[in-house]
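*Asks:* Chain residues, written in single-letter form:
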Amino acid sequence: MSEPDHEYDFKGFDVRYVMGASDASSSHTTRTLLVGLCLASLVLIVFLSHMLVQEVRGLPPGNIEDRIVSYSQSWHERVTEFGLGQPLVMTRETIENWQSLSWEEVQCLISDLAQTGPDYADGYLPDWLGITCSE
Amino acid sequence: MLFPTLDFAIFFLVVFATSWALSGSIGGRKLFLLGASYFFYGYWDWRFMLLLAGGSLINYWAGMALSLESEMRRRKRIVAVGVALNLVVLAFFKYYGFFLESLGEILFNLGIERDLPFLEIILPVGISFFTFQGISYIVDVYRRDVSPVSQPVDLFLYISFFPQLVAGPIVRAAHFLPQLRREPVLDAKIAGFGLSLILFGLFKKMVIAHHLSEGIVDQVFADPWSYGGFDLLLGVYAYAVQIYCDFSGYSDIAIGTAALLGYRFVKNFDQPYRATSLIDFWRRWHISLSTWLRDYLFIPLGGSWNGWFKTARNLIITMFLGGIWHGAAWNFILWGLFHGILLMMNRAWRGLKPKTDKGQDFGAGGVAGILAIADWANRFVAGTIGVAITFNLVCIGWILFRSQDLESASAYFAGLQNWDIPAMVATPFLTALVILSLAMHFMPRNLPELFGIVLAKSGMIIAGLVFGAGLVLIKAMSPEGVAPFIYFQF
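Listed in order, the protein sequences are those of chains A and B. Position 12 (the first sequence) corresponds to 12 in this note's numbering; numbering is contiguous. Position 452 (the second sequence) corresponds to 452 in this note's numbering; numbering is contiguous.
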């Protein structure tokens, strides 16, 4: 069992030639990355506001906690009003549509794409699946 | 604390900001990271922290004792005691219940009934991983591959460092300890790479593994009697993809997280399902465990230097122990033996096969060109057949590995021959997901690095925004809820 190369490498990519010296330094990178990560958190708070509500609902009862719950609920309502939750809903719906596709529908879809009509659709998928395009 | 949760996101932001704020003081930073790692582990159960500290203390003591001793026999004794103590703790938590259950069954069959001292034992998360790291430290110090730590904090942090604590990769002392002695570095390239790996890991875990587990794997393995050949075949292929995406996803997140904190881990997976043989598969699958088993078990047993029979014996023992490491159950033992026997056969086949030179020189001219093309085609076909055979053999092993017990494993194998029952859970979506995930194995292996370069070039602010958008997209595409990682149970 000989040992393969386990290290990730960056052959052909030398950071000094692509970015300035300041970008390659630790302190500059950590500062800007921290800002970047805070922006990432902001993106999450905006687009996943429903998750924020779910998370804070798990907090123990208390004045501050209740206030946090009410703030996050009103934040979520505001975000939803602006339609910022839509991309998430649309992506989920698309995935759910794909998930619910049956073999029959795929068969019909293929026949539509091939423009041969349903009569000629049989045979695109193997016979043992027992699928015919019923439309 | 699971990686894909809000708790971990907040925890990591705090650790990232504080640890880099402390980067001027290496000692202070290490102490902070040690405290953070124990907090991370204690978040499951505070009692686990005592176990972790106790194990680290044993290893620290063994390392110190080895550094003070030069006489060979005494050094051997120290290493034996250190390794044995590690293994006793591991064995107690992992095998106590199995041992008593089996003993109870044997006594019952012999007509003897005894009240055995059953205890409700919780398996501490990641115990196998940090035990292996401890053993690796003691043995490396014994072999003088690594010098013993002078500061306990180094060893305690090496064993408990939170990115790899619960499911690896199994980090070697010789690789990690020197990193603790240097000032950590984070440049744009490493940061981009870290962010990219975290996104790839989360996508594999939350989208692919979770959909496959919920959609098909859990159902077919829970009740293989009710499904036909197509469902069961897709079910095992889906499990092959799920366990890869789940485990390599965890490794990617761990490596990425460590990179953002300025530390480098070794790669743990290398497109395992494009392996052309079982030997090749084990060079690509859970690399940190397979190399650990090689260096601390297979080679000390004699490796492959003492003839075919002893090599075969060593391989089977190594894989048997690798199987039982996964858990105290007969299916894991059979899985290990299955791989051991196949590896042995693979080695034998390699010995019998006539050796051909790679990239033979056929000279120049038209005939030589045709010969070169024919040679390439021959290798391509052989490689493709090798990949197909290896993948399907690995899948047979996965049936043993994933089944609840041997009865359901044999029902699974029997069901694979029954193609009269129509598909019930094998939907086009899941079939496409399995095919696409397997196809990813044949893409360039450095995709995360390439994406990391794009992130690094775009600057950290943009990289952060892309990272946030990526997280939203992953969340939108994944099923509801957070599933624990498969390897947490080992």
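Please note: incorrect hints may appear among the correct ones.
Below, a sample of chain B positions facing chain A; criterion: calculated Cβ distance under 8 angstroms [unchecked claim]:
1. A188
2. W330
3. P428
4. I461
5. A469
6. A476
Computed spacing ranges between beta-carbons, pair by pair [as the list claims (entries may be wrong)]:
7. B:L123 - A:R57: 28 to 38 angstroms
8. B:D7 - A:I64: 55 to 65 angstroms
9. A:R92 - B:N306: 52 to 62 angstroms
10. B:I10 - A:S74: 16 to 26 angstroms
11. A:R92 - B:I10: 49 to 59 angstroms
12. A:S74 - B:Q417: 38 to 48 angstroms
13. A:I64 - B:L406: 47 to 57 angstroms
Hints were generated in silico from the structure; no laboratory data involved. Nothing here was measured: the structure is a model prediction, and the numbers come from that model. Cβ atoms here follow ideal geometry from the backbone N, Cα and C, with glycine treated the same way.
*Asks:* If a hint holds in the structure, say so; if it doesn't, say that too.
*Replies:* Results of checking the hints against the structure:
1. The restraint placing A188 (chain B) at the interface with chain A holds, with a minimum CB-CB distance near 5 angstroms, inside the 8 angstroms limit.
2. A distance limit of 8 angstroms between C-beta atoms decides the matter here; for W330 (chain B) the minimum to chain A is near 27 angstroms, and the interface restraint is violated.
3. Proximity of P428 (chain B) to chain A holds as hinted, the smallest CB-CB distance being about 5 angstroms (cut-off 8 angstroms).
4. Interface hint status for I461 (chain B): upheld, as the beta-carbon distance to the closest one in chain A is roughly 5 angstroms, under 8 angstroms.
5. Below 8 angstroms, beta-carbon pairs count as interface contacts, and A469 (chain B) has one with chain A at about 6 angstroms; its hint therefore holds.
6. For A476 (chain B), the shortest C-beta to C-beta distance to chain A is roughly 4 angstroms, which falls under 8 angstroms, so the interface hint holds.
7. The hinted window of 28 to 38 angstroms between L123 (chain B) and R57 (chain A) holds, with their beta carbons roughly 31 angstroms apart.
8. With their beta carbons about 18 angstroms apart, D7 (chain B) and I64 (chain A) fall outside the hinted range of 55 to 65 angstroms.
9. A hinted range of 52 to 62 angstroms for the beta carbons of R92 (chain A) and N306 (chain B) is consistent with their spacing of about 59 angstroms.
10. Range check, I10 (chain B) to S74 (chain A): Cβ separation about 21 angstroms, and the 16 to 26 angstroms hint holds.
11. Our hint of 49 to 59 angstroms for R92 (chain A) and I10 (chain B) is violated, since their Cβ atoms are close to 25 angstroms apart.
12. Restraint check, S74 (chain A) to Q417 (chain B): a C-beta distance of roughly 59 angstroms breaks the suggested window 38 to 48 angstroms.
13. Under the hint 47 to 57 angstroms, the C-beta atoms of I64 (chain A) and L406 (chain B), about 54 angstroms apart, fit the expected range.
Violation of the numbered hints given earlier is confined to hints 2, 8, 11, 12; the remaining hints are satisfied by the structure.
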